[in-house]
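Visitor: Fit chains B and C to the given chain A structure using the hints.
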Amino acid sequence: MNKKASLGQRLCAAPHILWSAIFIVVPLLMVVYYAFTDASGAFSLEGIRRLSDYTTTFLRSLWFGIIATIICLVIAYPLAYVISQLKVKSQAVTIMLVMVPMWMNFLLRTYSWMTLLEDSGVINNILGKLGIGPFHMINTGGAVILGMVYNFLPYMILPIYTVMTKLDHSLIEAAQDLGANKLRVIRDVVMPSTRSGVISGITMVFVPSVSTFYISQKLGGGSFSLIGDVIEMQFQVSNNFNFGASLSFVLMILILICIAVMNRFGEKDENGGVII
Amino acid sequence: MKRRTGASSMVYLCLVLLFLYLPIFLLIVLSFNGTNSTSVMRGFSFKWYYELFHDDATIQAFYNTIVLAVTSAVTATFIGTLAAIGIDKMKKGLRKTTIMTVTDIPMMNPEIVTGVSMMLLFVFIGSILGMNGVLGFWTLFIAHVTFSLPYVILNVLPKLRQTDHNIFEAARDLGCTQISAFFKVVLPSILPGIFSGLIMAFTLSLDDFIISYFVSGPRFQTLPIRIFSMTKKRVTPDMYALSTLMFVTILVLLILVNVFQNKSDSSKKKEVGSDV
Amino acid sequence: MENNIIINLKNVSVKLGDNQVLENLSMYIRDKEFITLLGPSGCGKTTTLRIIGGFLEPDSGEVIFGDHSVNGVPPHKRQVNTIFQRYALFPHLNVYENIAFGLRVKKLKEKEISETVKEMLALVNLNGFERRDVNSLSGGQQQRVAIARALAVKPRVLLLDEPLGALDLKLRKDMQVELKNIQQRLGITFIYVTHDQEEALSMSDTVVVMDGGIIQQIGSPQDVYNEPKNAFVADFIGESNILDGRMMHDFECSFAGAKFRCLDKGFGAGESVDVVVRPEDVDIVPVEKGMLSGTVTSVTFKGVHFEIIVDVGGFKWMIQTTDYEPVGKEIGLYIEPDAIHIMKKSKYSGLYGDYSSFSDEIDHLSDIEEEE
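Residue numbers (this note's numbering), protein chains in the order written: chain A, 69 to 344; chain B, 314 to 589; chain C, 35 to 406.
It should be emphasised that the hints constitute simulated quantities derived from the structure, not laboratory data. Ideal Cβ positions, reconstructed from N, Cα and C, are used throughout, including at glycine. It is possible that part of the hints are untrue.
What the hints assert, rightly or not - Okay, the calculated bits of chain B under chain A, using three or more residues with CB under 8 Å as the criterion:
| no. | stretch |
| --- | --- |
| 1 | 322-332 |
| 2 | 356-369 |
| 3 | 410-421 |
| 4 | 449-463 |
| 5 | 552-565 |
Claimed, not checked - Distance condition first, Cα-Cα at most 20 Å in a straight line; then the derived EDC-like pairs of lysine to aspartate or glutamate:
| no. | chain 1 | residue 1 | chain 2 | residue 2 |
| --- | --- | --- | --- | --- |
| 6 | C | Lys-152 | C | Glu-131 |
| 7 | C | Lys-214 | C | Asp-230 |
| 8 | B | Lys-545 | A | Glu-186 |
| 9 | C | Lys-214 | C | Asp-65 |
| 10 | C | Lys-381 | C | Asp-269 |
| 11 | C | Lys-44 | C | Asp-101 |
| 12 | B | Lys-405 | C | Asp-52 |
| 13 | C | Lys-378 | C | Asp-284 |
| 14 | C | Lys-263 | C | Glu-232 |
| 15 | B | Lys-497 | C | Asp-167 |
| 16 | C | Lys-188 | C | Glu-146 |
| 17 | C | Lys-143 | C | Glu-131 |
| 18 | C | Lys-263 | C | Asp-230 |
| 19 | B | Lys-404 | C | Asp-52 |
| 20 | B | Lys-497 | C | Glu-131 |
| 21 | C | Lys-188 | C | Glu-153 |
| 22 | C | Lys-350 | C | Asp-315 |
| 23 | C | Lys-378 | C | Glu-305 |
| 24 | B | Lys-546 | A | Glu-186 |
| 25 | C | Lys-49 | C | Glu-96 |
| 26 | C | Lys-336 | C | Glu-273 |
| 27 | B | Lys-402 | C | Asp-315 |
| 28 | C | Lys-111 | C | Glu-96 |
| 29 | B | Lys-546 | A | Asp-187 |
| 30 | B | Lys-497 | C | Glu-144 |
| 31 | C | Lys-299 | C | Glu-286 |
| 32 | C | Lys-323 | C | Asp-345 |
What the hints assert, rightly or not - Heads up, incomplete: computed chain B residues facing chain A, CB under 10 Å, no partners named:
| no. | residue |
| --- | --- |
| 33 | Ile-337 |
| 34 | Thr-427 |
| 35 | Tyr-526 |
Isolated chain A, as found in the complex (with noise of 0.2 Å):
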């Protein structure tokens, strides 16, 4: 009770919202800025309007992003329920291994994956030994998929877990208690209580890999060009910023969408989400 803030402790805030708003209020209001003028500074819609040239690269995009965070809820659920019924030290040491490739440098891992999927790569190595292939894997759809997968699974396997250890286990014990078979538990009692972690999954793979642009550019051999790779090449090549504002506009509607949406099936609730 009491709890009256002093004038001290009010301005511990001061700093970080004066920046917050600078750095990242401003940047974002210089995005819509941008996305609305043309290089005179003029308004224009030109750049919304030239955004119907690039339909395809948004729906691929999309298209990617939504397949390559299925396949990572698919491998993640699964194995974060395996982890979760670990033993306590086993489980904070699985954990860490599976966060540890997360901290090599993502260009590198991801050019690493260049080398095994090459025509000559270190996999059609070992199998033309074994007598099968070669196959053609670089360069492919498949494998710019293969990349988000690799590169993102960590971001849906720690949420999910993190809620998994929060179920209660007399939940399963009282359902098994009731009847209910192994796969019932899961489908009753597991799945509707780790939702939010689901969730949170989703989102921190889904974002990451819609906008990525180096992945497709290694793995896709420019054949599968993502939003981000037309947004990366309006800054850094064709300088054209306010098309690039355009886009990076759009793909953040986009995104917003795609989280409200996510957010209505999720309800409300605080509990996943947090990675370190």
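Guide: Just chains B and C now, kept in the frame of chain A:
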């Protein structure tokens, strides 16, 4: 309680881990390659490590990365910790929600949009000031502080909530001024949170590519950016050597964080456990 | 006991938001006394303590310590120390360092510090606990460390905010005795906050009964028990039958449809008043000898006595007696003049009815809620 983990579950776990580590093992193995092939292992040597340490541009980039990571992490930790204290004292309401939401934007927004938006701001300011090539250390620094801030706050805020407000008053009661009460009593109890926030900010900065890519200029390269420009061409195994070293560094840091957290966790457990 | 006043609160008011927490509160505290602020949660007792401790500034009014005002003086400059509700031990320091904390702030010499800490540990019976982690201590031990820590800096006044609230009953009783002993041994002023009337009565020299940010009564434990000022005090302290009555003239009053002799005077003739009769002051007699008569509706065995509820003309009385009376029996009640206490009508009149809905469990539940 004994929980059984089936053999099939373990096989599944191992397969996923194999998937996650395959490219990394490949990198590490090939970094000791005797030839300059990045896909076939012929002979063992430290040649590429030697090359690495004699590549001035890479050494410079490494040095830059460390300087950037240390300065931005310290700054973000400072601002973020203060912010957490201020936010903790704030009453629930629109103001607090707004601040928290804005803080989280860099975590939720696609990295490419964050990078692009900051680039727009910097270039805009640069054009106003008539500066050519505004992008460099300071723009990277600002960007890294900005995306690290939410993670610092995320780590410190829960520790503040766990801290009994009375211990601050008790210290005041025993003769401390507000400031010294904070440093003697509150700070030690939130220190683990500040420390893991710092480490997180440091590793995020060390590893960041996408945002850095948009806000860096030719005069100040970080390692990930150097790696990016190298992977545009044919990569030589000295990059593998480099990533092996970074991998080991980050592994050590992560283990340190975990040990630190476990220590503070186990003292918490004692509190609950052994009530005489 | 010396009569010099150590703390004087003058017309103190505090408003938090729309809530008037303290209203024009005035009281003084004598040096070396054990004074208890007693009242239900939200009555302003903790706020009063925080004002004395310097953690809260009053909106208006004056706090005088000794002979000068301490308004605006921060907590660390007051000769007052506090025992907090949940002890507030510093989790990162061990027992020794917790107790030494205030001494280190004062920059005392290491030798002096270790002597004082030793002395304090002996005082609270925790010899040999120096190196223990405070998180590993039991509630009672933590409580002792908190007391030692506050006393180590030799305050003139010790503020205790429901210090025993988190302990179980047995430990609580022991600590009550121990606290009283420590207070008498050290000869310093204790200002104690509690909602437990039994604790207040058994430990204090002076009890301050508060409600709604207003002091209802100040007096010795005997005074507030025997001569409650109004229906609130009568109800809050101990059990009481509070009846609507009328003063006929000095030394005679009427209630429950009968006239009684009493010891009170100075009321207007025919003035409407509240009458208090404590349950232990009612004697049970045969119906024909009774001043009132009624039917026993329930009997509860309480160990030393029975608690019986008697319906007298629709009003349920509580009576404590050592004689068993069966339910349904018609009995007579006899009340001595000195058992009757007359109070002026107040805003609390009529709020406390009879014992018709009384049950132990309800009483218990409300106790737990207050502790929250």
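Visitor: Between B/Lys-546 and A/Glu-186, does the CA-CA distance stay at or below 20 Å?
Guide: Given that 20 Å is the threshold and the Cα spacing comes to 16 Å, the pair holds.
Visitor: Given the proposed pairing of B/Lys-404 with C/Asp-52, does the C-alpha separation stay at or below 20 Å?
Guide: 16 Å, holds
Visitor: Take a quick look at whether B/Lys-497 and C/Glu-131 sit within 20 Å of each other, Cα to Cα.
Guide: Distance ~12 Å between B/Lys-497 and C/Glu-131 Cα, so the pair holds.
Visitor: Please work out if C/Lys-152 and C/Glu-131 have their alpha carbons no farther apart than 20 Å.
Guide: Status holds; Cα separation ~12 Å.
Visitor: Regarding the pair C/Lys-299 and C/Glu-286, is the alpha-carbon distance no greater than 20 Å?
Guide: 8 Å, holds
Visitor: Can the restraint linking C/Lys-263 and C/Glu-232 be considered satisfied, given a maximum Cα separation of 20 Å?
Guide: With a Cα-Cα distance of about 18 Å, the restraint between C/Lys-263 and C/Glu-232 holds, given a limit of 20 Å.
Visitor: Within a Cα-Cα threshold of 20 Å, do B/Lys-402 and C/Asp-315 meet the stated pairing?
Guide: Not OK: B/Lys-402 and C/Asp-315 at ~53 Å, beyond 20 Å, violated.
Visitor: Given the hinted pair C/Lys-111 and C/Glu-96, is their alpha-carbon gap at most 20 Å?
Guide: Distance ~17 Å between C/Lys-111 and C/Glu-96 Cα, so the pair holds.
Visitor: Need the status of pair B/Lys-497, C/Asp-167: alpha-carbon distance at most 20 Å?
Guide: Within the cut-off at roughly 17 Å; holds.
Visitor: Compare the distance between the alpha carbons of B/Lys-405 and C/Asp-52 with 20 Å, and conclude whether the hinted pair is satisfied.
Guide: Cα-Cα ~17 Å, so holds.
Visitor: Between the stretch 552-565 of chain B and chain A, see if three or more residues pass the 8 Å beta-carbon test, and mark the coverage as holds or violated.
Guide: Contact hint for the stretch 552-565 of chain B vs chain A: holds, 7 residues under 8 Å.
Visitor: Holds or violated: the stretch 322-332 of chain B covered by chain A, criterion of 3 or more residues with Cβ-Cβ distance under 8 Å?
Guide: n = 7 at 8 Å, threshold three: holds.
Hint check: violations occur at hints 2, 27; the rest are consistent with the structure.
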